[in-house]
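Trainee: Listed here are the chains, written in short residue letters.
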Amino acid sequence: MRYGAYVLVGLAVFLIVPQFIASYYVLIWAEILIYAIFALSFNMLMGYTGLLSLGHAAFFGAGGYTVALLVVKGGMDNFWLCIFIALLVSALLGLVFGYLALRTTGIYFIIITLALAQMLWALAWRWRSLTGGDDGLPGIDRPDFGLPWSLEDTTNYYYFILVFFVLSLFILYRISRSPFGRTLVGIRENEPRMQALGYNTWRYKYVCFIIAAVFGGLAGVLKVYQDGFISPTYCSMMTSALVVLMALIGGTRVFTGPILGAGVVWIIKSVVSSYTEYWTLILGILMVVIVMFAPQGIVGYLAQLKERYGTLKG
Amino acid sequence: MPQADQLALVFLNGISFGMLLFLLAAGLVLMLGIMNIVNLAHGSFYMLAGFIGIAVAIKTGNFLLGAVAGMFAIGFIGLVMERFFLRRLPGHIEQMLFTLGCVYIIYDLSRVAWGSNPQYLPPPEVLTGSVPIGDLQYPIYRLAIIGFGAIIAFGLWLFLEKTRFGAIIRAGADDKEMVEGIGIDIKLVFTMVFTLAALLAGLSGVLATPVLTANLTLDWQVLTLAFVVIVVGGLRTLKGALIGSLLIGIVDSVGIFFFPELAMFLMFGVTALILAFRPKGLIGYGGLR
Amino acid sequence: MKTKLLFTLVMVALLGSLVSSGCSTEAPIKIGALLAITGPMATDESASRDAIKMALDEVDYEVAGYEIQLIVEDWAMDPAVCLSKTKKLIEMDDVDIVIGPFSSSAGLAIRDYIDENERLWIPYLCTSSSFIEDSYTRYFFRASYNSGRQLTSVGAYIAYETKGWRKAACIALDYQPGHDELEGFKEVFEAMGGEVVQEIYTPMDALDYGPYVTQIDVDDVDFLWSFHYSGYALSLFTALEEYGIKDQLPVFVSCNTFYPSLLAQTGDTALGIESVSNYITYLDTAENNRFVQELEDNYQAEATDFSEHAYVAAKMAILAIEGVDGDVDDVDGMIEALEQSEFEAPRGPIKFEVHSPVQNMYHTVVERVEGELQTTLIGTYTDIGPYWLPPGIELD
Numbered sequence: 002m003r004y005g006a007y008v009l010v011g012l013a014v015f016l017i018v019p020q021f022i023a024s025y026y027v028l029i030w031a032e033i034l035i036y037a038i039f040a041l042s043f044n045m046l047m048g049y050t051g052l053l054s055l056g057h058a059a060f061f062g063a064g065g066y067t068v069a070l071l072v073v074k075g076g077m078d079n080f081w082l083c084i085f086i087a088l089l090v091s092a093l094l095g096l097v098f099g100y101l102a103l104r105t106t107g108i109y110f111i112i113i114t115l116a117l118a119q120m121l122w123a124l125a126w127r128w129r130s131l132t133g134g135d136d137g138l139p140g141i142d143r144p145d146f147g148l149p150w151s152l153e154d155t156t157n158y159y160y161f162i163l164v165f166f167v168l169s170l171f172i173l174y175r176i177s178r179s180p181f182g183r184t185l186v187g188i189r190e191n192e193p194r195m196q197a198l199g200y201n202t203w204r205y206k207y208v209c210f211i212i213a214a215v216f217g218g219l220a221g222v223l224k225v226y227q228d229g230f231i232s233p234t235y236c237s238m239m240t241s242a243l244v245v246l247m248a249l250i251g252g253t254r255v256f257t258g259p260i261l262g263a264g265v266v267w268i269i270k271s272v273v274s275s276y277t278e279y280w281t282l283i284l285g286i287l288m289v290v291i292v293m294f295a296p297q298g299i300v301g302y303l304a305q306l307k308e309r310y311g312t313l314k315g
Numbered sequence: 094m095p096q097a098d099q100l101a102l103v104f105l106n107g108i109s110f111g112m113l114l115f116l117l118a119a120g121l122v123l124m125l126g127i128m129n130i131v132n133l134a135h136g137s138f139y140m141l142a143g144f145i146g147i148a149v150a151i152k153t154g155n156f157l158l159g160a161v162a163g164m165f166a167i168g169f170i171g172l173v174m175e176r177f178f179l180r181r182l183p184g185h186i187e188q189m190l191f192t193l194g195c196v197y198i199i200y201d202l203s204r205v206a207w208g209s210n211p212q213y214l215p216p217p218e219v220l221t222g223s224v225p226i227g228d229l230q231y232p233i234y235r236l237a238i239i240g241f242g243a244i245i246a247f248g249l250w251l252f253l254e255k256t257r258f259g260a261i262i263r264a265g266a267d268d269k270e271m272v273e274g275i276g277i278d279i280k281l282v283f284t285m286v287f288t289l290a291a292l293l294a295g296l297s298g299v300l301a302t303p304v305l306t307a308n309l310t311l312d313w314q315v316l317t318l319a320f321v322v323i324v325v326g327g328l329r330t331l332k333g334a335l336i337g338s339l340l341i342g343i344v345d346s347v348g349i350f351f352f353p354e355l356a357m358f359l360m361f362g363v364t365a366l367i368l369a370f371r372p373k374g375l376i377g378y379g380g381l382r
Numbered sequence: 208m209k210t211k212l213l214f215t216l217v218m219v220a221l222l223g224s225l226v227s228s229g230c231s232t233e234a235p236i237k238i239g240a241l242l243a244i245t246g247p248m249a250t251d252e253s254a255s256r257d258a259i260k261m262a263l264d265e266v267d268y269e270v271a272g273y274e275i276q277l278i279v280e281d282w283a284m285d286p287a288v289c290l291s292k293t294k295k296l297i298e299m300d301d302v303d304i305v306i307g308p309f310s311s312s313a314g315l316a317i318r319d320y321i322d323e324n325e326r327l328w329i330p331y332l333c334t335s336s337s338f339i340e341d342s343y344t345r346y347f348f349r350a351s352y353n354s355g356r357q358l359t360s361v362g363a364y365i366a367y368e369t370k371g372w373r374k375a376a377c378i379a380l381d382y383q384p385g386h387d388e389l390e391g392f393k394e395v396f397e398a399m400g401g402e403v404v405q406e407i408y409t410p411m412d413a414l415d416y417g418p419y420v421t422q423i424d425v426d427d428v429d430f431l432w433s434f435h436y437s438g439y440a441l442s443l444f445t446a447l448e449e450y451g452i453k454d455q456l457p458v459f460v461s462c463n464t465f466y467p468s469l470l471a472q473t474g475d476t477a478l479g480i481e482s483v484s485n486y487i488t489y490l491d492t493a494e495n496n497r498f499v500q501e502l503e504d505n506y507q508a509e510a511t512d513f514s515e516h517a518y519v520a521a522k523m524a525i526l527a528i529e530g531v532d533g534d535v536d537d538v539d540g541m542i543e544a545l546e547q548s549e550f551e552a553p554r555g556p557i558k559f560e561v562h563s564p565v566q567n568m569y570h571t572v573v574e575r576v577e578g579e580l581q582t583t584l585i586g587t588y589t590d591i592g593p594y595w596l597p598p599g600i601e602l603d
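Residue numbers (this note's numbering), protein chains in the order written: chain A, 2 to 315; chain B, 94 to 382; chain C, 208 to 603.
Pulled out of the complex, with its shape left as it was, chain A reads as follows (with noise of 0.2 Å):
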């Protein structure tokens, strides 16, 4: 009853205050919802198996050139199949890129995924003809539903983005909760004790690893259409290793946690970044404090904290 509460009031900031703050916030906060389906994506991998993926920007890039690949060199106009192509790719990337990294574990699969999500940097530098190389594809136009409201435009679009950024939300926040998300954290306690109970571990991961590919890929497509181009940093170890700091900023134990580390990651980047050129360094020293100080995450020390005073004074 008290989350259907929070749930309410979250939506209605979500959809009311865009009306009211200038045009560039709106289109950080579209950023922002953006990544934080791909730090959510990120986090079905660590939070719930506990496997640490510094090659997650591969979907994100996967979903990213698919679509940009389908408008630009395809001339397809349908955004639903673009999109879907774009997620059954992110899929089958899931499903090569998983079958390959899941046979590893610990730091055998951080590199192994390192290593593959390089390899896909590498083909969409280098295949110039199809990729464009590092200038990209531009020339991206945002999908056109024959509806009053143009996506061209930055809060409208901010609306769409919202749409299936409430859907992701809902979808991992019901697979998080199901029999599968539950077998899933008990692989990450105790792996050896849930094979003894007949399940099988591997299986339960991969699948995991799948979803984490699509919901990647679902955010690469969102990001794909709000610049209207592509290049290849999309897929760079440079954002594979934000995924990761956004979602340990947030905090990886708590579902939310994702989305608040997505915002301040990108808040950093983006916005303080016009006020101090020091922002990598800010990143970097608010990794160590969180680190040091609440490694749970923000979230988690803010539910921590709530915890403590809570009881206090209730």
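Derived by calculation from the structure, the hints in this document are not laboratory data. Backbone N, C-alpha and C fix where the C-beta goes; we use that ideal spot for every residue, glycine too. A portion of the hints provided could be inaccurate.
Claimed, not checked - Across the chosen pairs, the derived CB separations fall in these ranges:
hint	chain 1	residue 1	chain 2	residue 2	range
1	B	A369	C	S468	41 to 47 Å
2	B	L100	C	E501	53 to 59 Å
3	B	A369	A	G76	51 to 57 Å
4	C	D603	B	D98	56 to 62 Å
5	A	L306	C	D532	55 to 61 Å
6	C	G400	A	G75	40 to 46 Å
7	B	D98	C	T583	31 to 37 Å
8	B	F370	A	G75	32 to 38 Å
9	B	G274	A	P180	40 to 46 Å
Following the hints, position chains B and C against chain A.
Mentor: Just chains B and C now, kept in the frame of chain A:
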């Protein structure tokens, strides 16, 4: 058709690049093999060592002083990181994330201190120049890199196998409780190992600078290369790292020579292939040897 | 406990910055500059920032009676961030003129957006030829040169006619401008009758240039043509020297590669290398000497091709504003003013053709003069436009 001397050069390149990779990876193997810490700031250590080494070497006109300065500066940073931060963190993931924060901090401080222009450190006078190989020439400093790599590999082996402290470290890697049980302060051992690894990173960082130059992109580049090497070789063994380095070095050099189009894919492609078929690296892992 | 409270406050402050919106004062003319202050890169953009400031300081931040306000944004070497920052400059700050970015890929990322918003846009490099083709010339005015045609056409001419070389091995950076320049050189050099025997591309993240220079067929070619700058040039020249290739082959660079601090790094490995460029720090003209000196004295910044191009871009912005008497809403007027303009830059006289400079090209060689390395002028080619071809040469 490539000539024999060209092929010889290609292989020499592979070996020297491999040894360079070993220099990049050795410190990381120590940290990982003994303390289970994935130090994402490892590449940053190299970058910083390069900048410091260049600054000191130019000021004093002495390459060796630059190398010593880089070594101790990074050693000190390693000491501080371990003693005041890493030690207080509960798990390996937290430790790794702490080092991720350090990557951003070291990057920005270096940018402010040295700017974005790349810097070059010429090798010491005695190691400048080239030796003829057939009709071609090979740089002496790259031969020296092979020597440095061999010396460091041998030194580490000697240290770990033949000294009492090395024995404690090896035992600590295998079984912490046992070491603590016989009255040795394992925390102190860890601090010393981390510092030692940082010293090693600092020294190799300066030694590698005449080939790599020092610039702000090195942090992630070196880190990924070091990762590739230790993963291919198997995480915890110096021997594995050495074999992995040489293998990757030669594959890279030969691959670029025959298939220049694939240059960007080679290193990561080989890594992914090896891991797909041998999920624990070529050598697999046992104790620290 | 205090630390935790402080920490919470910092978090709240960070989030709070999202909600605050910008407020504007009485209408000064605003110039936005997109610079890559942070991020992985090979050139120092803080000097570009100083050069832009210098150009504005010279007019006391006042043109045609209007106050000028400069807003600098860091795009961190990420084209997507560049687009976002451009939107910030136009939607929040409502800038009238956008200067930068230097990179063509970032430029392509913001091109459509600038077009829609109809602002005068002066990127100081963005050398890709795609900017001045088709319908995209309107708001775009660059301060640099055209990839694959200006520096490289003159380079091909010098190589073929002046030096008498016929067979080339080419080595270039593996990114779009590298391909553009190499292909442009090949096209012109082969149209003249020469032959490109080898094309080698070095990845941007190549740490070791050994395997690349080893591929060069020294016996088979007359010279090595290269497109490398900054740290990449440093690595290349070192490898060429170490592997003894420089002793056997002349090296020719079609790129603004050499500036004093780079020569201090390359040392003798750059000695004797000839190059063609549209700006050299060592150019001995009154305007350039003033520029180099003042930039160093007042801003402690170095005159490189980057800072000179940024300075010229700021100059162009001032010219455009003067051309419409400060009525910056008249974008067409500003564009017309620039189209007609001719002025003396540190690099020499500049005028425009298809919104890209017509300018001098300098053929230089690296020499040691009085103990210091410098680029010495061998020849000057005047009035080189963005589509210049050697006399008598036509391309399909």
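Trainee: Among all the numbered hints in the text so far, which are the ones the structure does not match?
Mentor: Hints 3 and 4 not satisfied by this model.
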